[in-house]
Amino acid sequence: MNHSRRFFLRGVGGIALGLPFLEGLSPKHVYAQSIPKSPFAIFLRQANGPASKHFGFGVYKQHNEEKFWPKPSPNIFNNDFNLLEGFSARLTNKDYDSLGDNECTVQGRVFELLDAYLDQLMLISGVEYPIYPGEAGCGHGGNVVQALTGSWRRDPHSRCGTQLPRSESLDYLLQRTFAKEEDHLYLMAGKKNYLGECMSYGTNGIDLTAFVNPLVAYEQVVSAGGGMDGGSSGLNEEVRTRLLRREESINDFLKAQFDSLLRNAALSQDDRRRLLEHQERIRSIELEITNPSYACSDDPQRRALLEAHTPAGLSSPGLVIDGDLVLETARHHIDIAILAVLCGRNRAVTLQIDDGNAGTTRYSRPDGSWMENYHFVSHRVATHSSIITSDDNAMYWDHHEVDKHLARTYKYLLDGLREAGIEDDGIAVWFSEMGHGPFHAGHDIPYIVSGSLGGQLKTGHFVQLPQAYKHKQRYNGDARGVPPNHRLVLNTLGAALGLKEDDQVTPLRTFGDSGDPSNSDKPAGYLPELLGPTPLGADT
Numbered sequence: 035m036n037h038s039r040r041f042f043l044r045g046v047g048g049i050a051l052g053l054p055f056l057e058g059l060s061p062k063h064v065y066a067q068s069i070p071k072s073p074f075a076i077f078l079r080q081a082n083g084p085a086s087k088h089f090g091f092g093v094y095k096q097h098n099e100e101k102f103w104p105k106p107s108p109n110i111f112n113n114d115f116n117l118l119e120g121f122s123a124r125l126t127n128k129d130y131d132s133l134g135d136n137e138c139t140v141q142g143r144v145f146e147l148l149d150a151y152l153d154q155l156m157l158i159s160g161v162e163y164p165i166y167p168g169e170a171g172c173g174h175g176g177n178v179v180q181a182l183t184g185s186w187r188r189d190p191h192s193r194c195g196t197q198l199p200r201s202e203s204l205d206y207l208l209q210r211t212f213a214k215e216e217d218h219l220y221l222m223a224g225k226k227n228y229l230g231e232c233m234s235y236g237t238n239g240i241d242l243t244a245f246v247n248p249l250v251a252y253e254q255v256v257s258a259g260g261g262m263d264g265g266s267s268g269l270n271e272e273v274r275t276r277l278l279r280r281e282e283s284i285n286d287f288l289k290a291q292f293d294s295l296l297r298n299a300a301l302s303q304d305d306r307r308r309l310l311e312h313q314e315r316i317r318s319i320e321l322e323i324t325n326p327s328y329a330c331s332d333d334p335q336r337r338a339l340l341e342a343h344t345p346a347g348l349s350s351p352g353l354v355i356d357g358d359l360v361l362e363t364a365r366h367h368i369d370i371a372i373l374a375v376l377c378g379r380n381r382a383v384t385l386q387i388d389d390g391n392a393g394t395t396r397y398s399r400p401d402g403s404w405m406e407n408y409h410f411v412s413h414r415v416a417t418h419s420s421i422i423t424s425d426d427n428a429m430y431w432d433h434h435e436v437d438k439h440l441a442r443t444y445k446y447l448l449d450g451l452r453e454a455g456i457e458d459d460g461i462a463v464w465f466s467e468m469g470h471g472p473f474h475a476g477h478d479i480p481y482i483v484s485g486s487l488g489g490q491l492k493t494g495h496f497v498q499l500p501q502a503y504k505h506k507q508r509y510n511g512d513a514r515g516v517p518p519n520h521r522l523v524l525n526t527l528g529a530a531l532g533l534k535e536d537d538q539v540t541p542l543r544t545f546g547d548s549g550d551p552s553n554s555d556k557p558a559g560y561l562p563e564l565l566g567p568t569p570l571g572a573d574t
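Residues in the sequence shown are numbered from 35 upward in steps of one, following my numbering.
Derived by calculation from the structure, the hints in this document are not laboratory data. Just so you know, not all the hints are guaranteed correct.
As the list claims (entries may be wrong) - Subject to a maximum C-alpha distance of 25 Å in a straight line, what follows is the list of computed SDA-like cross-link-like pairs (lysine to any residue):
1. 438 <-> 43
2. 445 <-> 534
3. 534 <-> 456
Unchecked claim - Now the in silico label distances, taken between C-beta atoms and shown as ranges:
4. 307 <-> 431: 42 to 48 Å
5. 214 <-> 307: 25 to 31 Å
6. 418 <-> 302: 54 to 60 Å
7. 44 <-> 567: 41 to 47 Å
8. 318 <-> 131: 17 to 23 Å
9. 214 <-> 535: 33 to 39 Å
10. 358 <-> 57: 37 to 43 Å
11. 304 <-> 569: 26 to 32 Å
12. 310 <-> 150: 35 to 41 Å
For glycine and all other residues, C-beta sits at the position ideal for the given N, C-alpha and C.
Whole structure, please, built from the sequences with the hints as guidance.
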């Protein structure tokens, strides 16, 4: 599956720009049959879980109305979800009263904002982590290390904020398997406070540093490596200065090579169109991320967002970050992520929005006013404590508005992939390491997947997976015979993306940690509920 179908233009000053797929430059035997794909994955992380309906106890049981997940037809749904059962329902925007059998509507729910993409989405609910004996408190630290690794932390008794997983994350495995490991692209929008960057991990679970400043991330993608924050490689000072002053573009430094390619008789009209669109995309990104009001602003909030390094912990507890600026940064990062996979330089990109708990980020309401910080909102009470003492209905609706902010951000990603013509070449995953709302639970974790990877993954459906526990039963240790399914989700996605077991033949089925404290929580294989009509592991 490791097909190389990309070419790079190299110029003075450390420039190394990848090109989109050009049929005219491919070996004749490749496109005489079928053009091989280079599947990619872009992961978009949301902190604190969605504002979905709760299945907890006390004041939270069946509290707020569901505004996140779609509403299935009456034959498969009632107001009391049975978490021991699962179902798959086709997504639609019909009126509820006109739903057919095994359909669900997004009307009035967050996913109504993604109406144009319903046919290519799979909304996965009911994902859950295993619970290990003797684990330390703090769902944030325990959950973040599992989200993309399928691994529990090395020391279950470690302090929250010091945890590391036992194995690498899926994005890193994809990059080191199919592309250059040193080009791994991990992005973060938001200030590095509590837990800092906590989604992407290297071999043996080493923690990786995220690119916070889009300018630095852009240089990583268009240069021989390195970035503006140091290192011997990357763009040289002259090229960097001209870009920042908006005097010249990467396109200008490579003009002779672009012109030569456009005159190449082997290129089709579609190839030439792709090249011109590539140049336009590059210049558009440059103009956005070098805008003085963004890149060189004296605004302390903007400076805080673009800091390359901030020590772990609440280093600036008095600083409030405007969520609109966080989302603006996320959109810049998304443009860069799309450029990276379009060039073939990256086979996986992870964008982490907010730090561990978004404890300094305040998002906006529709009337322009600010909410409380997102961590308070997610807990429904004005405290960073994990002890929940109230259930503020107003904060529930604020949380719902944050979900809508993130849905629009995800749509920005899907729009960009469609505009680039690569929406069918990979998957875009919107997820959180947390379950619904105040409990920050390790069950009912949301994974929203766009793309079928050649029909290997199901699309156009809301999939509610069977779950091992109802909430009370879960914490009483009653497993009900259903194993945790989180690793199976990651195995399924990884296999569809072309990853193999060590024999390089069998599709990936044992991703994750092999040294869990509990011998009972090591599922291998895939989730049939997520599979499409094409056999898993087929060369797409």
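Indices of hints not satisfied (ascending):
1, 2, 8, 9, 12
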